[in-house]
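These protein sequence lines are chains W and D, in that order.
Final position of the first sequence in my numbering is 931; the numbers increase by one with none missing.
Final position of the second sequence in my numbering is 931; the numbers increase by one with none missing.
Among the hints, a few may not be true.
Treat identical chains as interchangeable: a pair holds within one or across any two.
[Claimed, not checked] Heads up, simulated DSS-like pairs for lysine-lysine below, C-alpha to C-alpha not over 30 Å straight-line:
#, residue 1, residue 2
1, 720, 601
2, 619, 720
3, 602, 736
4, 807, 643
5, 619, 731
What the hints contain is simulated information worked out from the structure, not anything from laboratory work.
Number of protein chains: 2
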Amino acid sequence: MKEEKSKKILLAHGSGGQLMHDLIKNTILPKFNNLSLNKLSDSALLDFKGEELAFTTDSFVVSPLFFRGGDIGKLAVCGSVNDLVVAGSQPLYLSLALIIEEGLDYSLLEKVVDSIAQSCRNSGVKVVTGDIKVVEKGACDKLFINTSGIGRVIRNLEIKNIRVKDKVIITGRIAEHGLSILSQRNGIDFGVNIKSDCQSLEGLLLPLLNKCKAIKFMRDPTRGGLATTLNEIAQTSGLGIVIDETSVPISSRVRAACELLGIDPLYIANEGKAIMVVEPAAAENIVNRLRQQRLGRYAGIIGSITREPKAAVVLNTGVGTSRILDMLISESLPRIC
Amino acid sequence: MKEEKSKKILLAHGSGGQLMHDLIKNTILPKFNNLSLNKLSDSALLDFKGEELAFTTDSFVVSPLFFRGGDIGKLAVCGSVNDLVVAGSQPLYLSLALIIEEGLDYSLLEKVVDSIAQSCRNSGVKVVTGDIKVVEKGACDKLFINTSGIGRVIRNLEIKNIRVKDKVIITGRIAEHGLSILSQRNGIDFGVNIKSDCQSLEGLLLPLLNKCKAIKFMRDPTRGGLATTLNEIAQTSGLGIVIDETSVPISSRVRAACELLGIDPLYIANEGKAIMVVEPAAAENIVNRLRQQRLGRYAGIIGSITREPKAAVVLNTGVGTSRILDMLISESLPRIC
Chain W
595 MKEEKSKKIL LAHGSGGQLM HDLIKNTILP KFNNLSLNKL SDSALLDFKG
645 EELAFTTDSF VVSPLFFRGG DIGKLAVCGS VNDLVVAGSQ PLYLSLALII
695 EEGLDYSLLE KVVDSIAQSC RNSGVKVVTG DIKVVEKGAC DKLFINTSGI
745 GRVIRNLEIK NIRVKDKVII TGRIAEHGLS ILSQRNGIDF GVNIKSDCQS
795 LEGLLLPLLN KCKAIKFMRD PTRGGLATTL NEIAQTSGLG IVIDETSVPI
845 SSRVRAACEL LGIDPLYIAN EGKAIMVVEP AAAENIVNRL RQQRLGRYAG
895 IIGSITREPK AAVVLNTGVG TSRILDMLIS ESLPRIC
Chain D
595 MKEEKSKKIL LAHGSGGQLM HDLIKNTILP KFNNLSLNKL SDSALLDFKG
645 EELAFTTDSF VVSPLFFRGG DIGKLAVCGS VNDLVVAGSQ PLYLSLALII
695 EEGLDYSLLE KVVDSIAQSC RNSGVKVVTG DIKVVEKGAC DKLFINTSGI
745 GRVIRNLEIK NIRVKDKVII TGRIAEHGLS ILSQRNGIDF GVNIKSDCQS
795 LEGLLLPLLN KCKAIKFMRD PTRGGLATTL NEIAQTSGLG IVIDETSVPI
845 SSRVRAACEL LGIDPLYIAN EGKAIMVVEP AAAENIVNRL RQQRLGRYAG
895 IIGSITREPK AAVVLNTGVG TSRILDMLIS ESLPRIC
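With the hints as extra help, turn the sequences into a complete structure.
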């Protein structure tokens, strides 16, 4: 008990991985004990006067503020929009709360706000309420943003609908966001400029969702990467997931950069991708439809839902072996979002 | 134009006062240009499938994290709850986003989460969705919290309903929150322990709102204090407000502390008070009803709506003079909330 008291919060508690899940499950959920929060989904699905509403929140602390393919403003809008979309809802309204470090260039703030406004127009959402706090120099690093979002639920995508033999789809190439941040932050040049995949997914996913009842569940693999999000799905459903490593879409330059750095792309964050769990008979058709769109052109089936191992993910590797694919344990890369 | 580019964000841009209003009006609103945001109210009032929904957001960066009368967790819940309540809505759902500095004591985080949970139970709201980010040491000061809230609109309290001769009520004694923070942060002992008024107001205000159609508008005078919030009401309505200084409820120890420090309690933040604008004939009755409750026991009529001066606030002082009461201009006290 004494030992417990002297514990400190580590960077890994914010990684999206195992330690964060432990913190949430052991320390936060029991204090609130309500069903919506317990589901730990990207958005809470709530009753509002008999209508179903999706509600989500995310804070963004990414460093640097501007990166190849985006900036903290675009990331904040896309992040909340995508959390609503993968929950099966049409994003309607966003809140925008800024925490600004004293001394920040006014023009930089304007650039970020421009980017937020542009991203909102692109996604068809409105910033309807906001807040600004300014803290003294050294009390925060330049700029943090929180966006919370409200969506209108189109389809109830419940993890409990997932069945053995369902197919797992990823809508595009993985690991681009995290790698873009890592390379810029550390001044590593891979010879090629890896660009974040930061994009909002309403245009890709909502028309499909409207047409296609075979889509059972979606989630966006952000912090902790594809491996961690697949583990969340496996743990919550109690089922297994078998992933075929060679089917996971990844660009040759991302693969090369990951090999160079000795990091696994399956644990690197994405900010414009979704995992979909779909009925087996419809999987090919859904992939074909995704591929007709620019954001879905590298979509593919990467695996299946299985009865065993329960609540775990198995990776069939390119060299013919199999291994359990764990959640992210340690933090490789703080402040990627 | 060049000069504009080199401008820096100042602490005063987050004060709730004139500079913050300028920043919002000149730099933020034009980029979004939507009616809900333009109203700059505590909560946006939105259509959700034909039903009216209130939506609000606030980040909390208060230092110290624990203060007499509350802590950052209680403050975050009360802040968002009160923003929903003064917008005429019943608070239903909260989001909770934590930005934590690496190395924070786990037990301190637990204390804050306990306080959030307790405050939610007190106010009858549920935390339904959340987010955790951990940043490296030095990238934020201990702990920042964002809460966004959704409420069900009970009564449409629109500023355009305010008329000349309406009465202005404050629900209790002013300046206690800001002064509590100031005294603890600077280790100033006023001989008496001034306690923050941090409280949620749903229990005081919602039953009244249900019963009493004479309530036209409410707002909670947080950052920038009573004077700044009255100016917001005057500017938005285009009407004048005349305040009688001697009617403003304030405890003798707060008054003494303010005199000692040479600061004006009218500009000090409150976190458990509301300004109400009500029909003149009902004002006494409303004050009497407020006074029957513990949180409203010092409620009083402090002034009236006038035709002149347009969009400004006049203070009739205790010594028989009158002066224009401006918005807060410079920041006297950063990170009070």
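Each hint tested on the structure:
1. 720 with 601: Answer is between; shortest inter-copy Cα gap is 28 Å, intra-copy 41 Å.
2. 619 with 720: between (33 Å within a copy, 17 Å between copies)
3. 602 with 736: both (25 Å within a copy, 12 Å between copies)
4. 807 with 643: So residue 807 and residue 643 pass the 30 Å test inside a copy (26 Å) and across (23 Å) alike.
5. 619 with 731: Between. Shortest inter-copy distance 24 Å satisfies the 30 Å Cα cut-off; intra-copy 34 Å does not.
In this structure, every one of the numbered hints holds.
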